[in-house]
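> Each chain, letter by letter, is given below.
There are 2 protein chains.
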Amino acid sequence: MKKIYVVGIGPGAYEQMTIRAAKALESCEVIIGYTVYVDLVREHFAGKEFLTTPMKQEVERCRMAFETASAGKTTAMICSGDAGVYGMSGLMLEIGEEYPEVEVECVPGVTAAIGGASVLGAPLIHDFAVISLSDLLTPWEKIEKRLLAAAGADFVICLYNPSSKKRYDYLQKACDLILKYQPESLVCATVSNIGREGEQKQIYTLGELRNAKVDMFTTVFIGNSQTKEINGAMVTPRGYRI
Amino acid sequence: MKKIYVVGIGPGAYEQMTIRAAKALESCEVIIGYTVYVDLVREHFAGKEFLTTPMKQEVERCRMAFETASAGKTTAMICSGDAGVYGMSGLMLEIGEEYPEVEVECVPGVTAAIGGASVLGAPLIHDFAVISLSDLLTPWEKIEKRLLAAAGADFVICLYNPSSKKRYDYLQKACDLILKYQPESLVCATVSNIGREGEQKQIYTLGELRNAKVDMFTTVFIGNSQTKEINGAMVTPRGYRI
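Chains V and A supply the protein sequences, listed in that same order. The opening residue of the first sequence carries number 1 in the UniProt record's numbering; numbering runs sequentially from there. The opening residue of the second sequence carries number 1 in the UniProt record's numbering; numbering runs sequentially from there.
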């Protein structure tokens, strides 16, 4: 059967992907993805055909993958992190309805929440919520409702897409909502360029985070009431008696 | 400096870990973990010293790792999935305060939410909450509050530890709480033995899930109002116009 792998390559370059992901890419003739991610893996898969599309052409990129696979070339669609968390695997399965001759296999990867948490220490060790602040495809009212619900129930919160040029004040807005339930002193942190050159982490209080500078390569972590800093690491205890 | 790696090996056996995780384990003299997980990796790391402790001896296992590293042997503490999600990395960093001579490095892995989602299709493509139903270390009232908050804000929900012998009716209790906000027809699913022999998936409605048989090797996925089934896959659309 004709085949497409939808592969999460993890947060950074080659070593951050699973052995299964590397084997899947090795088995393909064509690797397709957003330009930045293709450049992260290109040197490790010599001899493959690489196809790229720019940002915001997600639907076109998916169709390109199915057309390639349908023409008989085993194909991989790659995503940063995990393809199933704000990635392409949903859209691929939706568009895949039009290509019943192509089998889709999703290969999981380390998403930014998991990768960033390991850089910081152990912020997600207990119940957590993952929320994207991008209102490109989601109404802000829904994002607001989720931020309030998560803060009110004392979830650790991981924020994706905390900022962009147009949405420069969204992290501030999110912090203001969380401050309705959590104290200014709450332990928070950011990680940028997880697993890549220029990786940076910073611990904040929730009050400080409100004014922090973040960009689209930053993942934000907001602790729960138990979260603490231990020697520069952000740690949410699970409750074991030491 | 003396060193401990806290390594998430992913949901299954060898291929599900990252290349970075495999290299970290390769660089160690001693690999420590819960018996079941050590047995999953043992054959791939010949010549290492393997130490195991049974379940519920988490604190002892962490101390054993620090004592080993402190004695000069580079050591890995392995966890199933990711060590930062209901895993050992928090406890390791807490106990690490007593061993300032040992550096702790957390190596991320594919947690059951991410691995299970890739088996099902793409249920977590949008905002989601991860909740453990185990009340061993968390009061049930807090779990209940989080279930209600997550369902009320239309998060996709991933449940860890949905059942045990003592907690045989906890999934039913959780479904009843979620049913206060979501319809009986909501698309849900379970995955057992993710990435291992005997892997099984099953799609349910929320009404059916209430009576499903699950065990401690099952991860449960509860959709949001947009989640649908596409050819046996559980998919939460992100909102792209196809």
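Source of the hints: derived by calculation from the structure; they are not laboratory data. Among the clues, some could well be false.
Note that the list lumps identical chains together, so a pair holds whenever it fits in one copy or between two copies.
[Claimed, not checked] Okay, derived cross-link-like pairs now, SDA-like style, lysine to any residue, Cα gap no bigger than 20 Å in a straight line:
no. : residue 1 : residue 2
1   : 228       : 97
2   : 145       : 182
3   : 73        : 232
4   : 23        : 12
5   : 56        : 132
6   : 165       : 213
7   : 73        : 231
8   : 2         : 170
9   : 180       : 148
10  : 3         : 98
11  : 56        : 183
12  : 165       : 38
13  : 23        : 170
14  : 142       : 180
15  : 23        : 38
16  : 228       : 59
17  : 2         : 185
18  : 180       : 193
19  : 201       : 241
20  : 56        : 14
21  : 2         : 232
22  : 166       : 207
> It remains to establish, for every hint, whether it holds in the given structure.
Status of the hints after comparison with the structure:
no.	hint	verdict
1	228 with 97	between (47 Å within a copy, 13 Å between copies)
2	145 with 182	both (15 Å within a copy, 16 Å between copies)
3	73 with 232	neither (48 Å within a copy, 25 Å between copies)
4	23 with 12	both (17 Å within a copy, 16 Å between copies)
5	56 with 132	within (16 Å within a copy, 35 Å between copies)
6	165 with 213	within (12 Å within a copy, 48 Å between copies)
7	73 with 231	neither (51 Å within a copy, 23 Å between copies)
8	2 with 170	neither (43 Å within a copy, 42 Å between copies)
9	180 with 148	both (8 Å within a copy, 18 Å between copies)
10	3 with 98	within (14 Å within a copy, 52 Å between copies)
11	56 with 183	neither (37 Å within a copy, 33 Å between copies)
12	165 with 38	neither (24 Å within a copy, 47 Å between copies)
13	23 with 170	neither (39 Å within a copy, 39 Å between copies)
14	142 with 180	both (17 Å within a copy, 19 Å between copies)
15	23 with 38	within (16 Å within a copy, 23 Å between copies)
16	228 with 59	between (42 Å within a copy, 19 Å between copies)
17	2 with 185	neither (54 Å within a copy, 33 Å between copies)
18	180 with 193	neither (30 Å within a copy, 40 Å between copies)
19	201 with 241	neither (29 Å within a copy, 36 Å between copies)
20	56 with 14	neither (24 Å within a copy, 36 Å between copies)
21	2 with 232	between (49 Å within a copy, 18 Å between copies)
22	166 with 207	neither (23 Å within a copy, 42 Å between copies)
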